[in-house]
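A.B. asks: Mapping the sequence shown onto this note's numbering, position 137 (from 1) lands on 151, and the numbers just tick up by one.
Note that these hints are calculated values from the structure, not bench results.
Treat the hints with care, as some may be off.
What the hints assert, rightly or not - Taking CB as the label site, the calculated pair distances span: (1) E79 - R130: 34 to 44 angstroms; (2) H230 - A135: 32 to 42 angstroms; (3) E106 - P174: 36 to 46 angstroms; (4) H230 - L181: 37 to 47 angstroms; (5) R125 - R232: 49 to 59 angstroms; (6) R110 - A135: 32 to 42 angstroms; (7) R189 - R110: 24 to 34 angstroms; (8) R68 - S129: 18 to 28 angstroms; (9) D227 - R99: 19 to 29 angstroms; (10) L67 - R189: 50 to 60 angstroms; (11) A168 - A200: 32 to 42 angstroms; (12) H83 - D201: 21 to 31 angstroms; (13) G223 - H109: 49 to 59 angstroms; (14) H230 - N123: 13 to 23 angstroms.
Just so it is clear, the structure is predicted and the values come from calculations on it, not from any experiment.
A virtual CB, placed ideally from N, CA and C, is assigned to each residue, including glycine.
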Amino acid sequence: MCRTALPPAGRGRPALYCSRSCQARAYRRRKQTPVPAAERPAVGKGDPSGKRLRIAEALWRIAAERGLHAASLREVAAEAGVSLRSVQYHFESKHRLLVDALQLLHTENERIARSRIRFDATEPRGLLRAVLEEFLPVDAQRATALRVFAAYYARSLTDPALAEVFLPAEQPLERLVADLIAAAQADGRTAPGLDPWREADLLVAGAVGLGGDVLHDRRTLDEVRRTLDYHLDRIFAGDRRTGR
């Protein structure tokens, strides 16, 4: 039940459970009618009813307001307005819910960001500025997302499965920012001698950290935007097209 390694069997029948509590949980699970594996919605597949997203959104709200520790399956079910059985059908366990909800949050954030950002390759500075704005709590949606990510951060330090989703090895955000800087560099629109990856690391980490400061009321949005503009001015210094 808990996947604890059992000691080698001695005489008699081998142990099936590490404790009485695991044995009791197994008994309760056997009494429930299992959902056939083929009918379970797969991660990343379509959700015609929208219920998976609805449940994930409920978890996000709880995590943003009270932290992940408060997001029990019953609390999430109540927040989503669905039955506990429905949550278990779609996500199977709390850990599966946490992992899948984080994946869904990444997907939703990317979808919303793409709808907001006007990708104009002729204006790399403006495009990079718009990308960095996505890391700031400039509206309710982005503020909630930042709070949820902050709640996940502490948990990801001790949960490898969450860490893999929280900080993917391919670093897509840093790669996007680095690619934008590299493209502008190749076009002669940046200061000489820049390392796009180092600049991307600094900008992404800085924007995320400054966004957290805004949530804590340590800085205002205007102050943070001035800081980002300062660094963008440094990166795009000497732009032949703008005279910087």
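A.B. asks: All the hints need checking, so say for each whether the structure fits it.
C.D. replies: Against the structure, the hints:
Against the hinted window of 34 to 44 angstroms, the Cβ-Cβ separation of E79 and R130 comes to about 24 angstroms, which falls outside the hint. Range check, H230 to A135: about 36 angstroms between beta-carbon atoms, so the 32 to 42 angstroms window is met. Between E106 and P174 the beta carbon distance is about 19 angstroms. The supplied range of 36 to 46 angstroms is therefore violated. Distance hint for H230 and L181: a CB-CB separation of about 22 angstroms, inconsistent with the stated range 37 to 47 angstroms.
At about 30 angstroms, the beta-carbon gap between R125 and R232 misses the expected band of 49 to 59 angstroms. The given range of 32 to 42 angstroms is respected by R110 and A135, whose C-beta atoms sit roughly 40 angstroms from each other. Hint check: R189 to R110, Cβ distance near 28 angstroms, so the stated range 24 to 34 angstroms holds. Between R68 and S129 the C-beta distance comes to about 20 angstroms, which sits within the given range of 18 to 28 angstroms.
Evaluation of the 19 to 29 angstroms hint for D227 and R99 yields a failure: the beta carbon distance comes to about 42 angstroms. At roughly 26 angstroms, the beta-carbon separation of L67 and R189 lies outside the given 50 to 60 angstroms, and the hint is violated. In this structure, A168 and A200 meet the distance hint of 32 to 42 angstroms, their C-beta atoms being roughly 40 angstroms apart. In this structure the hint that H83 and D201 lie 21 to 31 angstroms apart at CB is violated, the actual value being about 49 angstroms.
Our hint of 49 to 59 angstroms for G223 and H109 is violated, since their Cβ atoms are close to 28 angstroms apart. A beta carbon spacing of about 21 angstroms between H230 and N123 agrees with the range 13 to 23 angstroms that was offered as a hint.
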